[in-house]
Amino acid sequence: MEKLFDRLIEGFCALLMVVLTVTVFIQVFNRFVLQTPLAWSEDLAMLLYQWVVFVGAALGVKRLRHFGIELVVRQFPERLRHRVELLTPLMMLIVAVVMIAQGYTLVKINFNRTFATMDLSYIWAFLPIPLGGVLIVVYLIQLEIRRWREPHVEEGRHA
Amino acid sequence: MSTMFVLLGSFIALIAINVPVAFSMVVSCILALFVQGTIPMSTVTMKLYSGIDTFPFLAIPLFILAGGLMEQGGISQRLVRLASNLVGHIRGGLGFVVVVAEIFFSGISGSSIADASAIGALLLPSMVRAGYPAAHAASIVAAATGMGMMIPPCLNMVVLGAMSNISIAGLFMGGFLPGFLMAITLMILIYFQSVRGILPGATVAKPSFREVMISVRDSAIPLMMPVIIFGGIFAGIFTATEAAAVATVYAFIVSCFWYKEIGRRELYKVLVDTAIMTGVVSLLVGAATGFSWILATHQVPRMIGDSITAIGGGKLMFLLLTIAVFLVFGMILDGLPAILIFFPILYPIAQAVGVHPLHFGVLVIAVIGVAIIAPPIGLCLVIICSIAKVKLTDTIKPLIPYTLILIIDLIIMAVWPWLVLFLPAVFKV
Numbered sequence: 001m002e003k004l005f006d007r008l009i010e011g012f013c014a015l016l017m018v019v020l021t022v023t024v025f026i027q028v029f030n031r032f033v034l035q036t037p038l039a040w041s042e043d044l045a046m047l048l049y050q051w052v053v054f055v056g057a058a059l060g061v062k063r064l065r066h067f068g069i070e071l072v073v074r075q076f077p078e079r080l081r082h083r084v085e086l087l088t089p090l091m092m093l094i095v096a097v098v099m100i101a102q103g104y105t106l107v108k109i110n111f112n113r114t115f116a117t118m119d120l121s122y123i124w125a126f127l128p129i130p131l132g133g134v135l136i137v138v139y140l141i142q143l144e145i146r147r148w149r150e151p152h153v154e155e156g157r158h159a
Numbered sequence: 001m002s003t004m005f006v007l008l009g010s011f012i013a014l015i016a017i018n019v020p021v022a023f024s025m026v027v028s029c030i031l032a033l034f035v036q037g038t039i040p041m042s043t044v045t046m047k048l049y050s051g052i053d054t055f056p057f058l059a060i061p062l063f064i065l066a067g068g069l070m071e072q073g074g075i076s077q078r079l080v081r082l083a084s085n086l087v088g089h090i091r092g093g094l095g096f097v098v099v100v101a102e103i104f105f106s107g108i109s110g111s112s113i114a115d116a117s118a119i120g121a122l123l124l125p126s127m128v129r130a131g132y133p134a135a136h137a138a139s140i141v142a143a144a145t146g147m148g149m150m151i152p153p154c155l156n157m158v159v160l161g162a163m164s165n166i167s168i169a170g171l172f173m174g175g176f177l178p179g180f181l182m183a184i185t186l187m188i189l190i191y192f193q194s195v196r197g198i199l200p201g202a203t204v205a206k207p208s209f210r211e212v213m214i215s216v217r218d219s220a221i222p223l224m225m226p227v228i229i230f231g232g233i234f235a236g237i238f239t240a241t242e243a244a245a246v247a248t249v250y251a252f253i254v255s256c257f258w259y260k261e262i263g264r265r266e267l268y269k270v271l272v273d274t275a276i277m278t279g280v281v282s283l284l285v286g287a288a289t290g291f292s293w294i295l296a297t298h299q300v301p302r303m304i305g306d307s308i309t310a311i312g313g314g315k316l317m318f319l320l321l322t323i324a325v326f327l328v329f330g331m332i333l334d335g336l337p338a339i340l341i342f343f344p345i346l347y348p349i350a351q352a353v354g355v356h357p358l359h360f361g362v363l364v365i366a367v368i369g370v371a372i373i374a375p376p377i378g379l380c381l382v383i384i385c386s387i388a389k390v391k392l393t394d395t396i397k398p399l400i401p402y403t404l405i406l407i408i409d410l411i412i413m414a415v416w417p418w419l420v421l422f423l424p425a426v427f428k429v
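Protein sequences appear in the order of chains X and F. For the record, in the first sequence the residue sitting at position 48 is 48 according to this note's numbering, with numbers rising by one throughout. For the record, in the second sequence the residue sitting at position 189 is 189 according to this note's numbering, with numbers rising by one throughout.
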């Protein structure tokens with residue numbers, strides 16, 4: 001179940017990256033080769049970028065890729081260090097909850113706005129924020145379950 | 001005032017206990033706005049979005065992807081062989097190979113960590129075999145990586161340019177001469193060390209002309225990528241973002257259809273890794289945008305500016321201060337967070353005392369390059385040490401001369417702006 005979910009999100013990220021690259025490339029091609037600049041390509045590319053950012057950042061939580069400063073905690077005795085490091089998921093949870101709540105507000109406010117260049121609602125531009133929040137919550141739960149099941153597999157963060 | 005206290009106090013406390021920097025910033029903003037009371041909380045999430053919502057930022061995923069595809073495509077060996085054939089036979093040869101290979105490599109990849117891993121993995125073993133002490137070999141790789149920050153494309157330049165409306169093309173072009181200055185001074189130092197017997201004079205056998213030409217031919221395809229990027233940007237055809245997209249398509253075609261070293265599985269992995277890296281970097285940018293915004297609404301940059309102006313001493317004094325600030329905080333916070341927090345504070349002052357934006361931007365990037373490899377805590381140095389399997393503390397002594405000479409280069413850059421500004425002026429970017 002967990003594997004399937006991860007595969008799904010990863011595949012979605014990969015797909016976003018492909019469409020993003022192709023969009024910007026088409027923009028260049030149309031401008032320089034066909035001499036017919038496109039109106040919508042820049043807006044679409046930015047929209048895709050925001051999706052990559054928030055989904056990618058959430059996936060970064062799962063893979064422990066967000067970097068912090070280990071310099072100080074490394075000086076702590078091991079038990080204290082483990083206690084203090086329990087605060088990290090809590091802080092991430094706070095951020096995720098604010099992303100969900102306030103991101104939802106942004107989606108609601110922009111409900112009736114559409115892009116000038118595309119027949120597309122601004123909902124799609126802001127949706128990645130609450131969605132990223134939800135994903136972060138899911139991944140934090142996954143990580144906590146894993147920590148609870150195998151408490152000693154704590155090392156190797158920020159690889 | 002209490003808002004500022006909460007913002008900065010909670011931020012320092014959170015990063016000290018190893019909460020990732022981006023999340024520390026957002027939590028501090030949330031707490032600060034909570035205390036402040038009148039600014040709506042949605043500002044924080046809005047800044048996460050708006051902080052990265054301009055076209056130049058799109059260059060971030062594209063440059064990461066292009067570099068990732070190229071690295072997977074087996075170019076590192078080819079570039080190292082070329083460097084080895086070009087400078088390997090000179091006295092101190094292997095040290096020179098590291099520096100020259102780093103120039104080639106960072107011309108393709110935008111990330112210092114990728115550079116350090118690739119060059120380190122390929123060259124450290126042969127250096128140790130040739131008689132370099134492992135810690136000293138690691139120091140040379142570290143110093144070269146620091147220099148490589150100046151050779152575009154460089155992710156930090158993209159972020160710095162995009163966040164402050166400084167021309168990214170200008171930053172790219174401005175980095176070349178100082179980068180070469182750093183490379184030459186490092187090579188002079190390596191040469192003297194091998195003459196004096198501190199380093200083995202080990203050299204690679206002098207290659208025949210034919211071998212040189214073969215390695216040039218093998219490297220021509222990867223080295224076409226910087227030609228496309230910079231040719232396009234400097235001729236005024238592409239923006240940095242568009243150049244990055246063209247480079248990505250080029251890297252894709254070369255590594256999947258020409259070298260055939262990337263299969264479907266590797267491609268998938270590179271795409272997912274790029275998305276994660278993009279998310280990590282961009283979230284940090286968005287978080288820092290909100291953080292700086294709260295600082296600015298409380299007049300913090302202006303107060304710092306006033307106290308710096310009160311010290312006096314003019315342009316040069318200010319630039320030396322800038323070097324010190326970014327060196328210290330680049331070491332502690334790592335490059336990108338240091339840029340994101342301190343650049344918006346110092347940039348207006350730079351403009352007020354009449355420092356050219358490009359001069360200031362390139363200088364900051366150069367300082368960051370030195371900071372990430374500076375002993376004992378530079379992040380990049382930590383990575384190189386883990387590849388070289390040496391203790392961090394062992395590299396401190398051999399790294400000191402390299403760090404010092406790089407800092408002298410920084411001061412030279414501060415004193416002579418034309419070193420940065422000459423090429424951008426010639427190419428009118």
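Hints in this document: simulated from the structure, not taken from any laboratory. The structure presented is a predicted model; accordingly, all values stated were derived computationally and were not measured. Every residue gets a Cβ at the ideal spot worked out from N, C-alpha and C, and that includes glycine. Hints are supplied without guarantee of correctness; some may be wrong.
Partner residues aside, some chain F positions facing chain X, computed with beta carbon under 10 Å [what the hints assert, rightly or not]: (1) Val26; (2) Leu58; (3) Val204; (4) Ser219; (5) Glu242; (6) Thr278; (7) Gly286.
Which bits of chain X does chain F cover? Going by a derived footprint, with three or more residues having C-beta under 8 Å, they are [what the hints assert, rightly or not]: (8) 60-68; (9) 85-96; (10) 140-148.
To see whether the hints hold, each was checked on the structure:
1. Hint status for F:Val26 relative to chain X: holds, with the closest Cβ pair at about 5 Å, below 10 Å.
2. Checking F:Leu58 against chain X by beta carbon gives a least distance of about 5 Å; that is within 10 Å, so the hint holds.
3. Given the 10 Å rule on beta carbons, the hint for F:Val204 is violated: about 34 Å separates it from the nearest Cβ of chain X.
4. Contact between F:Ser219 and chain X, as hinted, is not supported at the beta carbon level, the nearest pair being about 25 Å apart and thus beyond 10 Å.
5. At its closest, the beta carbon of F:Glu242 sits 5 Å from a beta carbon of chain X; the interface hint therefore holds under the 10 Å criterion.
6. With 10 Å as the threshold, the beta carbon of F:Thr278 comes within range of chain X, its nearest partner Cβ sitting at about 5 Å, so the hint holds.
7. Taking 10 Å as the C-beta contact cut-off toward chain X, the hint placing F:Gly286 at the interface holds, the least distance being around 8 Å.
8. Given a C-beta distance limit of less than 8 Å, the hint that chain F covers the stretch 60-68 of chain X holds, as 6 residues qualify and 3 suffice.
9. Here's how the stretch 85-96 of chain X fares: 7 of its residues keep a CB closer than 8 Å to some CB of chain F, so the rule of at least three is met and the hint holds.
10. A stretch counts as covered by a chain when three or more of its residues have a beta carbon under 8 Å from one of that chain; for the stretch 140-148 of chain X and chain F the count is 0, and the coverage is violated.
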